[in-house]
Each structure stands twice: as C-alpha cells, then as structure tokens.
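K.L.:
Protein sequence lines correspond, in order, to chains A and B.
Position one of the first sequence corresponds to residue 1 (our numbering), numbered consecutively onward.
Position one of the second sequence corresponds to residue 1 (our numbering), numbered consecutively onward.
None of these hints come from the bench; they were simulated from the model.
Any given hint might turn out to be false.
If you want a taste of the chain A side facing chain B, the calculated C-beta under 8 angstroms gives, among others [unchecked claim]:
hint	residue
1	K246
2	R308
3	L312
4	K488
5	L491
6	T577
Ideal Cβ positions, reconstructed from N, Cα and C, are used throughout, including at glycine.
There are 2 protein chains.
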Amino acid sequence: MSSPRNQSFRPPSIADVDLGGFWGDRIDAVANKTVRILYDRCVAAGMLDQVDPSRPVPDLRIPFMVKDGFTAGTVTTQMFWDSDIAKTIEATAYAVYRKRDPELEALIDAVIDMYARLQQPDGYCNSWYVRMQPGRRWTNLRDCHELYCAGHMIEAAVAYAQATGKRKLLDVMCRYVDHIATVFGPGEGQLPGYCGHEEIELALVRLSRETGRQDYMDLAKFFIDARGTQPHYFDEEAHRDGRNPKDFHFRTYEYNQSHLPVREQRTVVGHAVRAMYLYSGMADIAAEYGDDTLTDALEILWDDLTGRQMYLTGGIGPAASNEGFTAAYDLPNDTAYAETCASVGLAFWAARMLGRGPDRRFADTMERAIYNGALAGLSQDGSTFFYENPLESRGGHHRWEWHHCPCCPPNIARMVGAIGTYMYGVADTAVAVHLYGESTARMTVAGAALTLTQAGDYPWAETVTLTIGLDRPATFTLHLRVPDWAGKAGLKVNGTDVPADPAGNTGYIALTRDWADGDSVALHLPMQARLIHPHPRIRADTGRVAVMRGPLVYCAEGADNGADLDLMTMAAVDGATTARVPELGGAVALDLPVALETDAAWGKSIYTTTPPKAETAVRRFIPYHLWDNRDPGEMLVWVRRAGGA
Amino acid sequence: MSSPRNQSFRPPSIADVDLGGFWGDRIDAVANKTVRILYDRCVAAGMLDQVDPSRPVPDLRIPFMVKDGFTAGTVTTQMFWDSDIAKTIEATAYAVYRKRDPELEALIDAVIDMYARLQQPDGYCNSWYVRMQPGRRWTNLRDCHELYCAGHMIEAAVAYAQATGKRKLLDVMCRYVDHIATVFGPGEGQLPGYCGHEEIELALVRLSRETGRQDYMDLAKFFIDARGTQPHYFDEEAHRDGRNPKDFHFRTYEYNQSHLPVREQRTVVGHAVRAMYLYSGMADIAAEYGDDTLTDALEILWDDLTGRQMYLTGGIGPAASNEGFTAAYDLPNDTAYAETCASVGLAFWAARMLGRGPDRRFADTMERAIYNGALAGLSQDGSTFFYENPLESRGGHHRWEWHHCPCCPPNIARMVGAIGTYMYGVADTAVAVHLYGESTARMTVAGAALTLTQAGDYPWAETVTLTIGLDRPATFTLHLRVPDWAGKAGLKVNGTDVPADPAGNTGYIALTRDWADGDSVALHLPMQARLIHPHPRIRADTGRVAVMRGPLVYCAEGADNGADLDLMTMAAVDGATTARVPELGGAVALDLPVALETDAAWGKSIYTTTPPKAETAVRRFIPYHLWDNRDPGEMLVWVRRAGGA
C-alpha cells in the first residue's frame, strides 16, 4: 500500500475547533493548571535570568556534561532553555483558546519583551549564545541545539500570534530567520549545515504557512536536503572548531539521523524525538513540494517504525542510552524509555502523513500514540508528568513534578491544547475526520461554511454522531475513518443504514453527497474488549497478551488489584464487563476473569516438579494513559497468556 | 527440620580419593591445562613483580577505583593479587595428586621463595602493603582485603604442604598467623577487627586442623564472634584513619555481612562470595565447638538462601552492583550475576553443614551448585572461564580467557581439583556418601581400612555400584544419599533387594551392617527428565518451566537449535529421548518435543488479535554446565510453559 498523494489536506486552525467531552476535560486541565505550572517551573529553574538582558549574566545552573567521549565543557541542557520557554509559550497560546488568562498572558508578554531586547542587531536571538557563551554561535550544531531552539521559538511565535493576535514574537523570529537564511544555505560563504536536533524544519513550514514567505519553506527544504550529505557537515564543523569528530558521545551520526541523506534512510534509528521531528518536516516538505522521493523514503521508515519498533501504546524509542531506537522487536516493557515527547512526535509525523489524503495506517497510529503513549505523560489533573512510559512497573515508576530536561511537560501540553487540529483534514471539496471526539469544527469546504459537530462520548461509547451545519448546500466528500480496531463499522445517514465499507485501501468511508444543513451521520464503531497478541519476535512479550478497547490500551494497576500482577494469566476477554470509574473521570474500566497462580498452596521449595495451583479471580483493567493517578503500585500491560489462548 | 548435630563427620583428604569417569575427565582438564594457565596469567598480569622483593617495586598496574563515595586512591583490585596467586598455588596443589608436573611445581616453589623473602621480621606477609603501600597495613580492613589475602595464602599453604610434603609456605603462613594473632583479638592493645571480605575464618580452621594448633581455631572463632558487634569496628577504623565511615561505596555493612553480629543475622545479604565464606567459617566453628547458637543462625540463613534467593542452577547473587543479593525471589535470568565463585562458595558452605551429619538438604544443594552454577564456570577443556552465569543469553555472553578480577578461574579449578573431598564424610563408625561418581576412596572407619569404590557412569547413568574393600570385617553405618530429585530409589546389597527408605529426616539410607571385604551395594536413582516449576513469586520465571535430569539443569543452546529460543513452549517432558553427545564428552542430551510460535504465518502487523500459529518441533537440551563450549549463540534454561502444563 502506498500513500495517497493526489490531494492536499490541511488541518483546521486551533481557533476553529471547540472540544467537549473527553478532550474538553483534558484541555481544561492544561488551561487551568498545566500552563501555569510550566511557566512557574521555567522561572524557578532560573531560565529568565538567562534570557533577560536587563539582568546580570547568571552563573551556570546546570553543569556541563562530562561523559566518556564528551569534551568537558561542550554541552549542558541549559543550552536549550529557549526551547523549554518556547514550548511553554506555545502551550499557553493553545490554552488561550480555551480560557483567557490575562495574568499569565501578561507574564508571557514580558518574556517576549525579553527576547525582543535580547535580539542582536543582525537578528540573532538565542539566550545561551548571546549571554552565556558569546562568540561561540554556530560552532557546534551537532551537539548544542542552536537551530532547534530557533525552531521551537518559531512555533511559539506562530501559535502566540494566532491565539492572541500579538505579533511581537513573530516579528522577532522572522528577523531571526532572515538572519539564519543568510548564514545557512548552499551559497558561497554560507554554512551548508543543519541542526543535530531536528525541529527547525517543521517550524519553518509553519512559519511559511503563517507568513506566506516561500523563502522560509525553501530554507526548511534546504536543511532537509543537506542532512547527511558528504563531506559531512558535522565532521567539517568539528575540524573548524578544533574538535575531533570522533569525539562524539553517541559515536554514530545515526543518533541524529545524519548518517545518510534522508532519502536514502531505510531504518528508523537514533534519538526518537529527533527522528520524529525530522520525518515530520520531511512529510511537510513532501506535501508542499509534491516530492515523491521524500514520501517514498517516509513510507519505508513508517513501515519500519510501526511494524518493528513501536510499543503497543505508540511509545517509541526503548533505550535510555540514546533516548531512542535499538533493534527491530527490541521492546522491553519495564525498562522502556518511550519518552512522552517521542509519542507526541509520532503523532506529529502521522498527522503530517495525512497531508496527502486519508489513510488509516497513519490515523490509526496517530490515535494510538495520542491516546496511549503520549497522553500517559500528563496526569489527570494536569499537574504531574511522565518522561518515560514503561508498559510495566514493579511499583517504582511515578509521575514527576518536573524534570532536569523538562521537554515532555510542555510537549504533551501543546499536543493536548492543539488536539482539535489533529482531528480533521480539509481539502477543496473534502473533509476527513481522522479522530473522533465531542467537538464542533468550523471549516470551509466546496465554498461553503461547514460546522461539523461530533457527539457521542468517544472514546467510551460506540456511536459517533456527526451533525452537518452548512450556510448553504454543498457537494463534498466526507471521509470517515473506520479504525482497524473497530472491525466492521455501522453507518447511518439521516437515520438510514448505508454501507460502511471503506473506500479502496484508505480505511475511510467516503461519503460524497450533496450535503444540506442538518444532515446527520451516525457511525457505529464496535468497542468490545479485545485480546492483542504481539509479534512472536518481540522477546519481551512472548507468551503474553494485552487488552484493548477502542483506541485504548488497558493495563492492570496495583490500586485496583494489589501486588504481584504477574501472577495473573488470561485466556480470553469474552467475559469482560465494563464499569465507569468516577475517580478517573468516568473512564471505562474492564473487569476481566483471570487465573491467578498464587503461592498459597506452594510449599517451602523454591523449585518443584508440581505446577503451581491456579485460582480464578476478576481483575480490573483501566486505560493505560490513566495509570499512576491513584495510589502508587505496580502496573502491567502485557499479561501472561493462559493455556490455549 | 533442624540439622543433625550429634555426629562429627570430616571429609577425606584429597590424597585419599581417586576420581574416574565424569570427574576424572574434569580433573584431567584442570591438571593438564587450567593450572598452567592460572600461573601464566598471574605472571602476565605482573603479579610476581609485586611479590618478589628482589625486583624493583613496580608501577601500579590496576588503577585505584574512583567511584561515587569511594575516595580516590583507596582501593585497587591489585591489593588482592596475593589471593589470586594463593588460589593458583592451591589449585596446583590439587592437580599434583592427579599428575605431577615438576616444571610447574618448580615455578610455584619459586613463588613460595618470594613470599619467604617478602615476609617481614615480625611475620607480616602481604605483597601490597610490604611493597606498594608500606606503612598502611591494617588501616582499612573494610575495603582492602588484607586478612582475606592471608586466608587464601593459608589455604594454599595447607594444600601445597599436603600435596607435595613441602612445608616452606606453611611455615611462612604460620609465622604470619602468629603475628596476626598478636594484632587482632579482644585483649588490651589488640584490634577487635575482622576482614571486610571473609575468608581467613575458614582458612584458620584448615590451618588448625593441619597443625593441631588450637589457638588458630580460637582466632577464627574470634573473627566470627567479633563481626558486626558495636561499637562497629569499621566505623572506628575509619575515624582512626581520617576517613568518614559514611564514605562507603556500598553504603551498608550488609555488603560484608557486618551489619549485625552473625548470630543475629536472619537474611542472606550483601556480596555473595563473602556471605558464603562467612557461613562456611561459621559452620566449621559450629562443628568444632559444638556451637548450636551458630548452627541455629545458619539454619535460618540456609532456608532463606535456598528457599528464596537461589537460582535453579545453585547460582546465587543476582546483582552485579554488589556482586550479591537483592531481595527474595529476585532472580532475573539474562542479567544474572551468579558469579562462579559464589556457587563454589555455596558448595563450600553446604559441605561444611554436613560436618554434623548426613542431611540431604545440604548435600542436594551442594550437588546442585557443583554440577550447575559452579562447573559452568570452566570450559570443557579447562582453558576458558565464566565469571557471571546467567540462565539465559541472547547470544552475547561468552567465556573469558581471563578477567580483570580473576577470582573465579582458580576458584573453580580448586573446587574441581578437590572434588573427592566433597563426596564423602567419615565419622568414627560411619561413612556418608554425599556425592556419587566413579571413584575409589580410602578411609578409616571403625578401626578398619575401608576402600570404597564407586562405579556406574554417574551423572549419566541411573545405577551407582559401591564395592566395599576392607582389611578386616567391620561394623559401621554406610549413609547413602537418596537425592530429592530421584524420588523413589532402589537398593540391592550383594544382589539382594533391600528397602531403600531414607532414615528419619536425613534423606540418606543408613545401612548399618557387619561389612566384609567384597560386599557390594547397588543404588538405583531414577533419572528420567523432569519438568521443574519455579516458585510463583519468581517474577523472571513466571509461566516458565525448566528441564532437569538427575542433578543436572538442562538448557537449550543455539548450537543445536538456532536462534529465537524463546519462541519455544513446552508442556511436558514425557516424550524426551536421550542421546550421547560425543563432542561434549559423551554427555546425555535430551531431545524434547516442543511447540514453536513462529512468525512464518504472521502478517505485517506488529500487534494483532490473531494468536500466533504454533508448530511442533524437537529441540535439543544439553546440561547447563556445558553451554558455550561450541559455536556461540543463544542459551535458555527457563522455557515458556505451554497451555495446560
């Protein structure tokens, strides 16, 4: 199956989608709690002391990393504080759509003023290199996140301008990008470089779309095209800087996906977030330029990631050592890194793969990552965070109030805040519904003003009702995703049964009609609990099964089931009953019959020839993304499969 | 069940047991190959440069360890080179009984001459503190292995004197111990200390038994009694030496079993080898002094170790961080530390628990540790070694030619070389056969000279035949262990069936008769393959089974079965067939019907609702101790249990 490439679908803007139900509650948490926490923690970390030119240049707060192969004094996470502030601004911008917060907005405006004052006459604007290491700018793109910080500031500027109408940061960043465009490029006297941490590529696409500046888009394409070519920029840069290129902590340029030109890459490697941001930028450029060479490479990478390197939750990047990928089917559960940011990044990439048309391969995975691997990173009340997202815990893994590398809290906050933009795609005469959820979206299609309202308590209930509001009748195609997990869907249009067969290979029902105001569509997506089997080569999961319902991965948690979860075995989920859990926001829990191999009848011996006795019991499973919101304890996704399953 | 305490059984001396069959081959490998390798590697490491006073004081070869909490410059493994040399001397001494090697003996004699010249006028004799850090002796017993080195030198001295009749090293060590006895003790002006790494306790018992010196035995008892008492010696010592006692890399005195007085210890904790050596010394002292308070403590510790903290192989100490114990039932397979030395130490302890009479709890575990966790540490040809002994390998674990901390090679060599001493226990009117194996043992019992000959190809064949040789008829009890694994044994005396019921709780058949020259006993020990189930609380083994036959744990290895061993599931071993494997010394392999969950019929999805297809196959299992003697590959002991097992 290859991607649809004949259409150009763009997401609605954030302002055009109002969320209710499940996502409404989550956005309220972000707007009421998370964004203020993000700001406060940035302040508490001392970040503004670094940014504000009117304050004395502060002492180093986070020491330079000293590790094997790292030259002492090269890198500190403090170098990318601009990105933490930027994501905080971006998340706050999205929160503004939900709830104005003049006090917080004033604080953000003050931060933006600092950046305006920080900006150098030539446009350069990075707090680390202006204030902490002046004279060192553009000397180590490989390690020091300089263009990455610019990228996040660009995203923040676009979002804040859209949300508040205030363009001050946008203007600052345009001037900065104008400067960057003089420094980097293929021309004489320019640096043919790119960032060790991808991000600016996708940010420049956003900036270009916001400003209409094609040169920004071209700069994004330049960074993507230059990546991994020979002579290798990071080698040359190191030599220029008096460093040995081999003196690289991560040893291989696979770490930052610069080991090969991007169109020649066939395997998802290295740091997971970097990979996702690169592929997101590639997908944007592929859509903008109709570049099939990029789409071909992305298809191969997509299959590698989702077919061989992805957790059931849409978590990716199993290893802490490189915060990234290792080998096919290496997906350990209890030590999973599976950074929240990486699942957010997977959602970014998947969303952009939908830019060329509806395809449930991408939307199903986007839904998987959003509802499971990503959303787990934010507590129910929006106040605490996961950085790593293991699929099993012996009881020692708990949410953080903050992290020394605080990338994940604002990243999950900005994803939740912007969730409406992931739900839809709009083309000239088509609307695609990628994600379901109570919401009202305003879009223009076939020249008409469409208000599309979803009702139905998704993801808890099985029927999604879509109501069409139109200022005048219009002929367009409504693409409705039938998730692979749903099996056979049911469909009614204006109360009448209609075949619910997906069109071609897309996995979307394509309803092309003359639509009128008040039309309604009811989509029934069966949501019985289902037993999931892992690929036999996933060593960590062999002989195990997991439970899903709808888009949600379920887990057993100590709070419901006590300790020693791995004594449980499961053969089927036919006997599952559902229950709403008030303290988890009314989430649907599954109560499942299981067998427990207890040690009750076990003698003194540690090893015997007598098999353990099993007793039957019922164990409660809750949505994975809601774990660790109650009393701390164990957690288990992959349960041992009982005989005969 | 409590230990028998009413008898005193001592092992035969090495010279009194000649081995054939299985152990004969292993001892030949040690005598022909291993002991020379040990000597050569000690020389190559530069150890003799440190010992020989006629050479210049060498530079440091192994840097001081610098770790969190360790003061730089406190510890290097080079501090315990004396122990590596000592174990090499001891192993060589045992090899001498098998095969004289005048050339190697001359080299060892030269080393002994070095120690004689190294010895100080006051008797002190430790190469590190005489040559490398003069003036620092007895300043850091906690970390620096000073008395530990003395202990190994004592064992070497006793063994070498017994094997060769040369008493030079024994005299050196007696003078050293005389000096130690002036330094340490409860008296005025003496240090109430003991070593951070136990060993000298059991060594002093050996020295006392060899020399008849009761004061050596009393010194051993002093070290045991002083351990862990308050005020804590290691605190006081640190203060005297200007160190902060809290500045201890391993944080807790549990690491060296000095957290409590030994009689108050209830849980096996800390560094595994240290624990085993301590308990061995305690068992010796319990037997020598009839000290039930020690035996009571040892019983509790024994149950904790063998009931909650021991691998199926008799491997112990799962963690690399402390080379030791963690928590009950924490027995990970692929990351198991399970140091060869620790299983050797468990055999030492178990053997000493038999000093108060036959009890198969101890002998069964001794056999388990010797044949599996310990013997795995030595390659079939005696030339390469395992330090860690995991019960599962993905293909990356292989034998070493040497190790930076080369404790295991000489330790397994000295265990194999002295294996005859573990096989029997002799009391005034009783002989206990603890281990079976082709051998001829000469013992004195009831005033008669007994020659006990075992035949029968143990551990491969089921029937052990014991032939009694006597210089005159004698009445004594022959205790024959019926291993727990054998279930119901069969017994014939002089060809006539005799009840094979173990006496009381001992697990040993007690044959009290008037024995005459030429009497024969045939013991039949059923050896069908059996499926072993782990305690349900061993998290790493849940839902898994292992295969044993006789005393041997079996494993599947890549060399026979290819990769992806964990795709295999097993329900029973009834269909097992046996085969002798010539390239593994004629070992009995088990060919077992299994199910394989292959990915042959698996689609592109990484997760699906369709269970994997299983096909039937036959997989070969070999004795665990023989793994990694052929082509490198995966290895697996605990196999997934198929449904219904």
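K.L.:
Confirm or reject each hint.
P.N.:
Hint check results:
The interface hint given for A/K246 is violated, since its Cβ lies 24 angstroms from the closest Cβ of chain B, which is over the 8 angstroms cut-off. With its C-beta approaching chain B no nearer than about 7 angstroms, A/R308 sits inside the 8 angstroms limit, and its interface hint holds. For A/L312, the shortest C-beta to C-beta distance to chain B is roughly 5 angstroms, which falls under 8 angstroms, so the interface hint holds. With a cut of 8 angstroms, the hint placing A/K488 at the interface with chain B is violated, because the nearest CB-to-CB distance is about 13 angstroms.
Against a cut-off of 8 angstroms between C-beta atoms, the interface hint on A/L491 is violated, since the closest Cβ of chain B lies about 22 angstroms away. Against a cut-off of 8 angstroms between C-beta atoms, the interface hint on A/T577 is violated, since the closest Cβ of chain B lies about 20 angstroms away.
When held up to the earlier numbered hints, the structure conflicts with 1, 4, 5 and 6 and fits the remainder.
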